[in-house]
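So the protein sequences, as listed, match chains A and B.
Count along the first sequence from 1, then add 2; that gives the number in our numbering.
Count along the second sequence from 1, then add 15; that gives the number in our numbering.
Hints are computed from structural coordinates only; laboratory data are not their basis.
Source: prediction; values computed, not measured.
Backbone N, C-alpha and C define an ideal beta-carbon position, used for all residues, glycine too.
Careful: at least some of the hints might be erroneous.
Stated by the list, open to error - The calculated EDC-like cross-link candidates involving lysine to aspartate or glutamate, where the alpha carbons are at most 20 Å apart (straight line), are:
no.: 1; chain 1: B; residue 1: K65; chain 2: B; residue 2: D158
no.: 2; chain 1: A; residue 1: K178; chain 2: B; residue 2: D187
no.: 3; chain 1: A; residue 1: K197; chain 2: B; residue 2: E137
no.: 4; chain 1: A; residue 1: K178; chain 2: B; residue 2: D100
no.: 5; chain 1: A; residue 1: K197; chain 2: B; residue 2: E258
To be verified - From the structure, some residues in chain A lie toward chain B, with a derived Cβ separation under 10 Å:
no.: 6; residue: K178
no.: 7; residue: L179
no.: 8; residue: S182
no.: 9; residue: P186
no.: 10; residue: A187
no.: 11; residue: L189
no.: 12; residue: L255
no.: 13; residue: R258
no.: 14; residue: A260
no.: 15; residue: F261
no.: 16; residue: R262
no.: 17; residue: Y263
no.: 18; residue: R264
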Amino acid sequence: MTAAQYQLSDAGRFGAAALRRVGTYLLPFVAVAAVWQFASLFFPPFLFPSLVDVFWRFIGIVTDWAQFSDVIATVLRILAGLAGAFVIGALLAVLMAQSRAAHDFLSPVLTLFQGIPALSWVVFAIIWFHGIEPRIFFIMVMTTLPAFSFQILGALQAMSRDLVEMVMSFRPSRIKLFRSMIIPAVLPDILTAWKVNLGNASRVVVVAELVGATGGVGYELLQQQQVFDMAGALAWTLQLVFFVLIVQAILTLIERIAFRYRAVSERSL
Amino acid sequence: MTSNDSTEMVIRLDGVSKSFGKPGLAGAYLAVDKLDLQVAQRQMLALLGKTGCGKSTIFNMIAGLTEPTEGRVTVDGRNPFREFDAFRGRMAIVFQNDRLLPWRTAIQNVELGLEILEKTSEERRAMAQRWLETLGLRGHEDDYPHALSGGMRQRVSIARAFATNANILLCDEPFSALDEMTGRRLRTEFVKLVKENGKTAVFITHSINEALEIGDRIVVLKRPANIAIDIPLTPAASQESKEAIRSQIQHVLAA
Chain A
3 MTAAQYQLSD AGRFGAAALR RVGTYLLPFV AVAAVWQFAS LFFPPFLFPS
53 LVDVFWRFIG IVTDWAQFSD VIATVLRILA GLAGAFVIGA LLAVLMAQSR
103 AAHDFLSPVL TLFQGIPALS WVVFAIIWFH GIEPRIFFIM VMTTLPAFSF
153 QILGALQAMS RDLVEMVMSF RPSRIKLFRS MIIPAVLPDI LTAWKVNLGN
203 ASRVVVVAEL VGATGGVGYE LLQQQQVFDM AGALAWTLQL VFFVLIVQAI
253 LTLIERIAFR YRAVSERSL
Chain B
16 MTSNDSTEMV IRLDGVSKSF GKPGLAGAYL AVDKLDLQVA QRQMLALLGK
66 TGCGKSTIFN MIAGLTEPTE GRVTVDGRNP FREFDAFRGR MAIVFQNDRL
116 LPWRTAIQNV ELGLEILEKT SEERRAMAQR WLETLGLRGH EDDYPHALSG
166 GMRQRVSIAR AFATNANILL CDEPFSALDE MTGRRLRTEF VKLVKENGKT
216 AVFITHSINE ALEIGDRIVV LKRPANIAID IPLTPAASQE SKEAIRSQIQ
266 HVLAA
């Protein structure tokens with residue numbers, strides 16, 4: 003075989019492997035879609051609408067700014083809520099990691115918050131706040147704050163003492179200690195926390211909008227429910243699902259770039 | 016004290032004791048007992064003792080990572096625990112295991128201390144490159160720690176300590192985790208570098224051979240840590256005198 007032939011066969015192998023990966027990834031989605039489409043043949047459209055109808059409704063939302071702005075509003079609410087919860091959660095986690103007293107005080111409070119159902123926070127927010135955006139921001143922060151705090155606290159507590167001691171032996175300033183040791187050490191857990199909370203937030207935001215908003219995906223879902231429009235309900239739901247999938251893919255990409263230093267074992271778990 | 020008192024003492028421990036836990040309670044113990052120890056400038060002190068004799072406690076007190084319960088520790092006339100930041104760039108540590116940051120490449124690990132000293136990126140790169148080359152790691156600058164062997168990783172950690180140009184080096188059994196051949200080769204290189212660069216070094220070990228190879232002076236500790244014997248060594252010491260010292264140390268350690 004010549005070098006060119008080797009290169010071609012390498013390219014072929016790479017292409018086949020990439021196709022196999024895409025196929026493996028898509029297979030579960032195709033299977034679910036096929037079951038749904040099959041069901042649509044035997045049930046009325048208000049129960050199982052055809053996926054073709056759902057597709058056109060989906061495209062209709064994306065191409066109509068009046069409707070798509072509702073999707074954007076929901077996405078911004080999720081991101082703002084997560085960012086707020088992350089910042090407050092990170093500060094609380096650092097405080098708890100530094101002070102035993104702060105830990106003993108804050109930990110039960112956060113556990114208590116964790117036990118309060120999302121719907122209760124929605125009710126509290128409606129009573130306490132007048133504006134829609136403060137209400138939804140409050141709900142998003144309160145429902146995702148404990149998870150962020152505990153996940154970041156866990157990451158801080160699991161940091162290698164040996165590595166911290168090594169960095170401390172150079173006598174870094176507090177900012178340098180954070181930049182060179184603490185942030186890189188807790189980054190994997192922060193990204194995992196974002197991934198987990200993203201799914202939770204996308205569920206909570208719909209409930210918050212359903213009850214306490216006059217726009218957004220949750221509000222639109224309420225409209226579809228009132229007219230028994232299953233195709234519309236699915237199309238609006240898919241907007242949110244695609245948003246979550248896109249952000250998850252971005253987070254995975256960041257992980258791949260940021261954690262390329264990790265050794266990869268040839269034998270998987 | 017067998018070292019020359021007229022020489023400037025860089026490290027001083029005066030009547031230092033360190034205990035852990037509350038006296039009288041279960042688990043409380045005395046790790047260091049009224050220790051007086053001085054280390055002269057450019058001296059290479061091998062601190063030898065059995066496991067659990069308090070070597071690492073002494074090491075942590077000199078490094079300013081822990082404070083004595085009694086007595087006074089001074090380095091360059093200052094308290095390394097209370098004036099922790101004052102020793103930035105003046106003291107470097109080589110640990111028992113390499114303690115490389117896994118998210119940094121070899122050269123980025125060497126640059127760590129220089130970043131903390133706020134050197135420019137050009138200075139950092141040049142200095143780190145020079146020390147990696149000195150320690151035989153040219154071509155491995157961009158390798159992550161997991162891609163390096165144990166010996167190579169420990170070389171990177173030595174380069175990291177030397178790169179800051181600190182006057183005082185504290186070494187906590189840095190070659191004990193390596194195989195004998197690699198350990199011996201690195202030890203020889205290390206002694207050469209310490210001497211060439213005029214460092215003051217405290218080298219903790221539990222190996223008599225290592226102490227004999229490295230030290231200008233060997234202090235053998237009893238438990239709780241206090242000086243059992245303090246032996247000055249000259250580079251020209253004959254094999255016979257080294258053997259005599261070895262059996263003297265073995266006798267003390269066996270007691």
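Hint check:
{"no.": "1", "hint": "K65(B) - D158(B)", "verdict": "violated (36 Å)"}
{"no.": "2", "hint": "K178(A) - D187(B)", "verdict": "violated (25 Å)"}
{"no.": "3", "hint": "K197(A) - E137(B)", "verdict": "violated (38 Å)"}
{"no.": "4", "hint": "K178(A) - D100(B)", "verdict": "holds (13 Å)"}
{"no.": "5", "hint": "K197(A) - E258(B)", "verdict": "violated (64 Å)"}
{"no.": "6", "hint": "K178", "verdict": "holds (5 Å)"}
{"no.": "7", "hint": "L179", "verdict": "holds (9 Å)"}
{"no.": "8", "hint": "S182", "verdict": "holds (6 Å)"}
{"no.": "9", "hint": "P186", "verdict": "holds (5 Å)"}
{"no.": "10", "hint": "A187", "verdict": "holds (8 Å)"}
{"no.": "11", "hint": "L189", "verdict": "holds (8 Å)"}
{"no.": "12", "hint": "L255", "verdict": "violated (17 Å)"}
{"no.": "13", "hint": "R258", "verdict": "violated (14 Å)"}
{"no.": "14", "hint": "A260", "verdict": "holds (8 Å)"}
{"no.": "15", "hint": "F261", "verdict": "holds (8 Å)"}
{"no.": "16", "hint": "R262", "verdict": "holds (8 Å)"}
{"no.": "17", "hint": "Y263", "verdict": "holds (4 Å)"}
{"no.": "18", "hint": "R264", "verdict": "holds (7 Å)"}
Hints 1, 2, 3, 5, 12 and 13, counting from the list given before, are not met by this structure.
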